[in-house]
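Undergrad: Sequence:
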Amino acid sequence: MSVNDQISVGGLDFSWKLDKGLFNFEGQDAVLFWISSAMKAFFDTIEEISGEEASRLVLETTGYRQGMVVGDYFEKMKHVSVQEAATLITTTYASAGWGNIVIENLDREAHTLTVYLKDSWEHKINVAQEKTTGGSFLPGHFAGIFSGLFATNVWYEVEYFQLEGHEDTKINYFPSDITITENIHNLSRKKELDHIVQLEAEVENKTRELKDLVKQLSSPIIPVLNGIVVVPLIGKYDEERSEELVTKTLENLPAYQASYLILDLTGLDQDSGELTTHLIGRLGTAASLIGTETVLVGISPKLSQVISKQPIQFREFNCFQTLQHGIYYALAQQGRRIV
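Quick note on the UniProt record's numbering: the sequence shown kicks off at 1 and runs consecutively.
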């Protein structure tokens with residue numbers, strides 16, 4: 001081959017300028033790649049970075065937009081009919097190694113057609129990738145071509161792929177409201193939704209773990225002396241946490257042979273309302289039924305105002321300012337004292 005060479009294949013011109021590293025196809029700069037190695041690596045990389053679902057949309061969108069360029073080019077050639085343009089396209093693409101392309105049932109008025117692809121470069125890449133279904137670049141590409149030729153939005157449906165064991169790939173095209181832009185937005189919204197669902201699941205798991213931790217750490221039963229146990233109430237109590245506290249306390253009082261239950265309210269949420277005061281009253285009353293006297297300690301001025309406004313009576317409970325006072329009281333009632 002000389003420095004400048006030119007050949008014609010099927011009426012299409014190919015030329016090289018080796019000294020400048022240029023290859024021209026029909027007067028336009030072109031480039032050649034090996035399909036099953038270089039182009040496969042290109043497709044593999046897109047899938048690796050974008051993921052399979054996003055990569056299909058990337059390839060489909062790229063094919064469609066490239067097809068629009070081709071369709072607009074032929075549409076501007078007023079002396080060439082759509083049928084003639086379709087013939088030129090199949091010949092041109094065959095010369096460029098795109099595979100055997102047959103266009104049938106072309107209806108200019110209805111904007112419909114059927115495309116058959118056999119041994120296309122995309123099919124060869126998919127075979128090298130060991131795919132089980134065909135790609136989206138070429139189906140999207142011809143949608144772009146005929147959207148340009150028909151001057152209306154055309155979309156497609158693959159009836160079957162050659163990769164599935166058929167003689168070729170059959171694609172039907174028709175007018176549609178489906179657009180590339182809409183597909184991109186739909187995928188973005190789906191990814192956002194998937195991300196939200198994932199975050200919600202993570203939050204739910206973390207919340208469950210936190211609840212389990214709170215259950216383990218909150219309101220422990222502390223046997224301080226024989227017959228005297230202390231239960232500190234910490235934070236704010238909802239129905240679930242209140243029920244667990246009552247059950248846990250009542251189940252353990254007999255095991256400690258507790259005569260006195262000291263409820264330490266020092267760490268209780270100062271904005272506690274009726275639910276918490278009801279919890280205190282319920283726990284004290286239930287403890288008395290199994291022979292344990294309840295003593296309240298650590299009631300702050302603010303909490304005392306909250307308690308006084310509630311319908312539950314706390315007069316039956318002995319109340320002290322500090323935990324130390326409560327323990328001294330319980331010991332005195334037992335005829336004991338700390339030496």
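Hints were generated in silico from the structure; no laboratory data involved. Don't take each hint at face value.
As the list claims (entries may be wrong) - Label-pair distances were calculated between CB atoms; the ranges are:
| no. | residue 1 | residue 2 | range |
| --- | --- | --- | --- |
| 1 | 77 | 29 | 12 to 22 Å |
| 2 | 119 | 174 | 36 to 46 Å |
| 3 | 225 | 194 | 55 to 65 Å |
| 4 | 238 | 185 | 23 to 33 Å |
| 5 | 195 | 130 | 26 to 36 Å |
| 6 | 193 | 254 | 47 to 57 Å |
| 7 | 238 | 66 | 24 to 34 Å |
| 8 | 282 | 50 | 21 to 31 Å |
| 9 | 226 | 203 | 15 to 25 Å |
| 10 | 195 | 301 | 44 to 54 Å |
| 11 | 178 | 247 | 39 to 49 Å |
Claimed, not checked - Within a straight-line C-alpha distance of at most 25 Å, the following computed DMTMM-like cross-link-like pairs (lysine to aspartate or glutamate) qualify:
| no. | residue 1 | residue 2 |
| --- | --- | --- |
| 12 | 40 | 52 |
| 13 | 118 | 167 |
| 14 | 309 | 271 |
| 15 | 40 | 107 |
| 16 | 190 | 167 |
| 17 | 309 | 251 |
| 18 | 17 | 29 |
| 19 | 76 | 107 |
| 20 | 76 | 26 |
| 21 | 206 | 164 |
| 22 | 248 | 212 |
| 23 | 236 | 316 |
| 24 | 211 | 167 |
| 25 | 124 | 240 |
Glycine included, every Cβ here is placed at the ideal spot set by N, Cα and C.
Undergrad: Taking the hints in turn, state whether each one holds.
TA: Each hint, compared with the structure:
| no. | hint | verdict |
| --- | --- | --- |
| 1 | 77 - 29: 12 to 22 Å | holds (21 Å) |
| 2 | 119 - 174: 36 to 46 Å | violated (25 Å) |
| 3 | 225 - 194: 55 to 65 Å | holds (57 Å) |
| 4 | 238 - 185: 23 to 33 Å | violated (41 Å) |
| 5 | 195 - 130: 26 to 36 Å | holds (30 Å) |
| 6 | 193 - 254: 47 to 57 Å | holds (53 Å) |
| 7 | 238 - 66: 24 to 34 Å | violated (60 Å) |
| 8 | 282 - 50: 21 to 31 Å | violated (58 Å) |
| 9 | 226 - 203: 15 to 25 Å | violated (45 Å) |
| 10 | 195 - 301: 44 to 54 Å | holds (48 Å) |
| 11 | 178 - 247: 39 to 49 Å | violated (58 Å) |
| 12 | 40 - 52 | holds (14 Å) |
| 13 | 118 - 167 | holds (7 Å) |
| 14 | 309 - 271 | holds (13 Å) |
| 15 | 40 - 107 | violated (35 Å) |
| 16 | 190 - 167 | violated (35 Å) |
| 17 | 309 - 251 | violated (31 Å) |
| 18 | 17 - 29 | holds (11 Å) |
| 19 | 76 - 107 | holds (19 Å) |
| 20 | 76 - 26 | holds (17 Å) |
| 21 | 206 - 164 | violated (45 Å) |
| 22 | 248 - 212 | holds (14 Å) |
| 23 | 236 - 316 | holds (24 Å) |
| 24 | 211 - 167 | violated (60 Å) |
| 25 | 124 - 240 | violated (62 Å) |
Violated hints, in rising order: 2, 4, 7, 8, 9, 11, 15, 16, 17, 21, 24, 25; the structure is consistent with all others.
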